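**Student:** Okay, here's what each chain looks like letter by letter:
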Amino acid sequence: MVYEGDRRLANKKKIKTERQVGVLTKKDIEDRLEKQIFEPSSLIITPYPKGIDSDSIDLGLGNHFFVPRGHRTPCFVPGLTNPLHLYSEQYIPMGSYLVLPAHHTVLGSTLEYIKLPSDVSGEILTKSSWARTFITIETAPWIHPLYRGCLTLEIANVSNTPVVLYPGVKIAQLVLLNTMRDIAKKNKDEIEGTYFGPVRPEPAILKKPREALSDLGISREDVTYPLDEYFDHEEYQEYVANSLREQGYKVESP
Amino acid sequence: MRHQAVLHNYTAAYKLVSSLKEIISKSRADNSYPKYSDQFLLFCQRTADDTLRYLEKSGNPKTAKLDFDILISKLSAIRQGWELLHTFIKPVLDADSLKVPYSLIQFLSEHTGKLSVVKGTKIVIESNPELNYFQHRHTELIIAIKFLLILIGEPENLTERVKIKRLGFLGLPYSQSKSLFMNCLLYHEIGHFIAEEAGVFSTKIRKDTKGKLEPLFEEYTEWAGNIILVWMEELFADLVAVKLLGPAYTLAYMELYRSVIDLSSDQILEFDIDHPCAPLRFREQVKALKKDKWEQHIKLEQWERLKGVSRSKESAYKSSLILHINDPYMVKIWQGLIKFFCRPDIIKTVHDLADEFVEGRENPCEHFIKSAERIQECLEHGIVPSFAGKNGDMPHPTAIINGAMFFWLSGMDDLYQIVPSIHKEKVKDRVALEQRVEMWCMKAIEDWLIKRK
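Top to bottom, those sequences are chains A and B. In this text, residue positions in the first sequence follow the numbering used here: the first is 1, and each later residue adds one. In this text, residue positions in the second sequence follow the numbering used here: the first is 1, and each later residue adds one.
Think of the hints as simulated: they come from the structure by calculation, not from any bench. Among the hints, a few may not be true.
[To be verified] Straight line, CA to CA, 27 Å or less: simulated DSS-like cross-link-like pairs of lysine-lysine:
{"#": "1", "chain 1": "A", "residue 1": "Lys26", "chain 2": "B", "residue 2": "Lys390"}
{"#": "2", "chain 1": "B", "residue 1": "Lys318", "chain 2": "A", "residue 2": "Lys26"}
{"#": "3", "chain 1": "A", "residue 1": "Lys188", "chain 2": "B", "residue 2": "Lys424"}
{"#": "4", "chain 1": "A", "residue 1": "Lys207", "chain 2": "B", "residue 2": "Lys424"}
{"#": "5", "chain 1": "B", "residue 1": "Lys293", "chain 2": "A", "residue 2": "Lys185"}
{"#": "6", "chain 1": "B", "residue 1": "Lys15", "chain 2": "B", "residue 2": "Lys146"}
{"#": "7", "chain 1": "A", "residue 1": "Lys35", "chain 2": "B", "residue 2": "Lys451"}
{"#": "8", "chain 1": "B", "residue 1": "Lys370", "chain 2": "A", "residue 2": "Lys35"}
{"#": "9", "chain 1": "A", "residue 1": "Lys170", "chain 2": "B", "residue 2": "Lys35"}
{"#": "10", "chain 1": "A", "residue 1": "Lys188", "chain 2": "B", "residue 2": "Lys90"}
{"#": "11", "chain 1": "B", "residue 1": "Lys428", "chain 2": "A", "residue 2": "Lys188"}
{"#": "12", "chain 1": "B", "residue 1": "Lys390", "chain 2": "A", "residue 2": "Lys188"}
{"#": "13", "chain 1": "B", "residue 1": "Lys428", "chain 2": "A", "residue 2": "Lys208"}
{"#": "14", "chain 1": "B", "residue 1": "Lys390", "chain 2": "A", "residue 2": "Lys27"}
{"#": "15", "chain 1": "A", "residue 1": "Lys208", "chain 2": "B", "residue 2": "Lys35"}
{"#": "16", "chain 1": "B", "residue 1": "Lys291", "chain 2": "B", "residue 2": "Lys390"}
{"#": "17", "chain 1": "B", "residue 1": "Lys15", "chain 2": "A", "residue 2": "Lys50"}
{"#": "18", "chain 1": "B", "residue 1": "Lys390", "chain 2": "A", "residue 2": "Lys127"}
{"#": "19", "chain 1": "B", "residue 1": "Lys90", "chain 2": "B", "residue 2": "Lys15"}
{"#": "20", "chain 1": "A", "residue 1": "Lys50", "chain 2": "B", "residue 2": "Lys390"}
{"#": "21", "chain 1": "A", "residue 1": "Lys35", "chain 2": "B", "residue 2": "Lys390"}
{"#": "22", "chain 1": "B", "residue 1": "Lys287", "chain 2": "B", "residue 2": "Lys348"}
{"#": "23", "chain 1": "B", "residue 1": "Lys90", "chain 2": "A", "residue 2": "Lys50"}
{"#": "24", "chain 1": "A", "residue 1": "Lys127", "chain 2": "B", "residue 2": "Lys451"}
{"#": "25", "chain 1": "A", "residue 1": "Lys188", "chain 2": "B", "residue 2": "Lys287"}
{"#": "26", "chain 1": "B", "residue 1": "Lys451", "chain 2": "A", "residue 2": "Lys27"}
{"#": "27", "chain 1": "B", "residue 1": "Lys90", "chain 2": "A", "residue 2": "Lys207"}
{"#": "28", "chain 1": "A", "residue 1": "Lys170", "chain 2": "B", "residue 2": "Lys453"}
[Stated by the list, open to error] Sample of chain B residues lacking proximity to chain A, with all beta carbon distances greater than 10 Å (derived):
{"#": "29", "residue": "Ser19"}
{"#": "30", "residue": "Thr87"}
{"#": "31", "residue": "Glu377"}
{"#": "32", "residue": "Arg436"}
{"#": "33", "residue": "Met439"}
If you're wondering where the values come from, they're calculated on a predicted model, not measured in any experiment. Even glycine gets a Cβ: it sits at the ideal position worked out from N, Cα and C.
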């Protein structure tokens, strides 16, 4: 089906084959799941999903969690602070549970490992029953074609009561949408991506501020850091100078 | 005066046990443990409670009914029991769920527990500061615990006593929590566990072996017999590992060996006091693999890799100990020992014992044949190899481990092709991708375990 009003689609020269764009239905999903692994258009979900709704697939909660913790770093600076220092990892066996306190967050992942087809994007959403308990599972819900891995879930309890989470429970639903073009290169399932094939939640991989801002033309000298304000204090200057001396640097007293 | 001394000793024991109880309780609150490790720790915690109650009640000789001598001897036995438990508790506490290959350990327990000779085995994992694997001998511990329970007179702990039956304590290096391939070596330790638990080298084998040694070693028979039996148990553990897991064990062992010494050097021909030399061990493992029909189902290059190290002649075998001994008589004795161990009847005895004690096992080769292609295909495309489609069976964990090991050793070229941002020539990139493959396989084992439940 070609949508009216979309000029790019209306231009037939740019479209080699007419593609149906829209949400995949149960039948479409099952057809994709039947395809061979090597076909870029195959959808893979393992363990095989038990709950396929008319237009979505239920996904369960995995066993690994990254629980935020207090730490000595005063703040998180993207690309500079080791994100692992912000969390403690927890493994919750099947049958056991994790208590998520009110207004707290935790990184989790789906129990299912998925591989999206080369012409399908996905969106992961909180199951409506869970949403009614004020649990949200995702703030970056979009999944690119050919992505593979267990999906990292940013679970937040925005309610006023602690909530118990059991690994294995169906907490998320995956909605799949046909893209306008197939992105497969030379019919291969070649993939790019920072997060390739995770089976448990993985912390953020971010560029350092200078690197991230240089694309916008902001010079290195103009980038400031949260700790700059401390440099005016003699006590802090002495601390930094001593630390550098301990590491073998020659530093004159401030 | 004596009363004060007894009170003082009971107080010291109370301090020790309550400290252990506190450590266990806090660790269990902070971390999750593999199922049987947690059961063991819970048992220790409850036994600590019972012990503390006993010490409180009996520690005051004014109110206790027993006389001083009995009180002191009972206390001494209780202390001994807790001293022994002390050595087991710490390495188990260090091996929480995140520090062990959780799904592999769960499967290992289930796999071993199916063998009729050690039915219901429960594997407890210990964290080892050294870079090696070991089986912590448990017989003495079990006796000590039973004695301890009798001493503190806690009959309600009888059910707990049943739970601690068939506990196998296996140690793995603390750095190997995320490794799958290297941890295949745990199967060798399962062999040692079976040897101890089922009394494989019992009186009869001991007597037969020493009977054969006597005409050759005369007054050294007892000494020679002990060494031969240690070597036999090593070989037995290898064969059990191969029969339960398949070539993945042999290949993992080869990797470990390769990281320590040069496989082409003469060093591999040495027997030491605890181990026969590597070529002999590989040779016998290859024989066991052939018997299970692996040769027909794995690629030639992999088979050659397996056979490669086992090709040395027996006449080249030597003892690592005689390199430092100039006494020609002792050199002759050691060479005689090696020659005796290589006798076909001795080697056959070990093979027969391995066959007997893993009777009823499922041949891992049969599982491998069923799913080898699917596993290979999954890994080539960056997919967790539990994928089985709508109605298919998930591959058996032993098939996953063997398939993944072959895939890894073949270079993983197809996988590198689909992730062009990862460069095969860069060590850091290689590590990242190899770790991914290991994680996918552990996830696949986990999926299999969940499906089984």
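**Student:** Each hint: holds or not?
**Tutor:** A quick look at each hint next to the structure:
no.: 1; hint: A:Lys26 x B:Lys390; result: 14 Å, holds
no.: 2; hint: B:Lys318 x A:Lys26; result: 68 Å, violated
no.: 3; hint: A:Lys188 x B:Lys424; result: 19 Å, holds
no.: 4; hint: A:Lys207 x B:Lys424; result: 24 Å, holds
no.: 5; hint: B:Lys293 x A:Lys185; result: 41 Å, violated
no.: 6; hint: B:Lys15 x B:Lys146; result: 22 Å, holds
no.: 7; hint: A:Lys35 x B:Lys451; result: 23 Å, holds
no.: 8; hint: B:Lys370 x A:Lys35; result: 20 Å, holds
no.: 9; hint: A:Lys170 x B:Lys35; result: 24 Å, holds
no.: 10; hint: A:Lys188 x B:Lys90; result: 51 Å, violated
no.: 11; hint: B:Lys428 x A:Lys188; result: 25 Å, holds
no.: 12; hint: B:Lys390 x A:Lys188; result: 24 Å, holds
no.: 13; hint: B:Lys428 x A:Lys208; result: 20 Å, holds
no.: 14; hint: B:Lys390 x A:Lys27; result: 14 Å, holds
no.: 15; hint: A:Lys208 x B:Lys35; result: 42 Å, violated
no.: 16; hint: B:Lys291 x B:Lys390; result: 35 Å, violated
no.: 17; hint: B:Lys15 x A:Lys50; result: 54 Å, violated
no.: 18; hint: B:Lys390 x A:Lys127; result: 23 Å, holds
no.: 19; hint: B:Lys90 x B:Lys15; result: 17 Å, holds
no.: 20; hint: A:Lys50 x B:Lys390; result: 9 Å, holds
no.: 21; hint: A:Lys35 x B:Lys390; result: 11 Å, holds
no.: 22; hint: B:Lys287 x B:Lys348; result: 11 Å, holds
no.: 23; hint: B:Lys90 x A:Lys50; result: 42 Å, violated
no.: 24; hint: A:Lys127 x B:Lys451; result: 23 Å, holds
no.: 25; hint: A:Lys188 x B:Lys287; result: 42 Å, violated
no.: 26; hint: B:Lys451 x A:Lys27; result: 25 Å, holds
no.: 27; hint: B:Lys90 x A:Lys207; result: 41 Å, violated
no.: 28; hint: A:Lys170 x B:Lys453; result: 17 Å, holds
no.: 29; hint: Ser19; result: 25 Å, holds
no.: 30; hint: Thr87; result: 26 Å, holds
no.: 31; hint: Glu377; result: 5 Å, violated
no.: 32; hint: Arg436; result: 5 Å, violated
no.: 33; hint: Met439; result: 5 Å, violated
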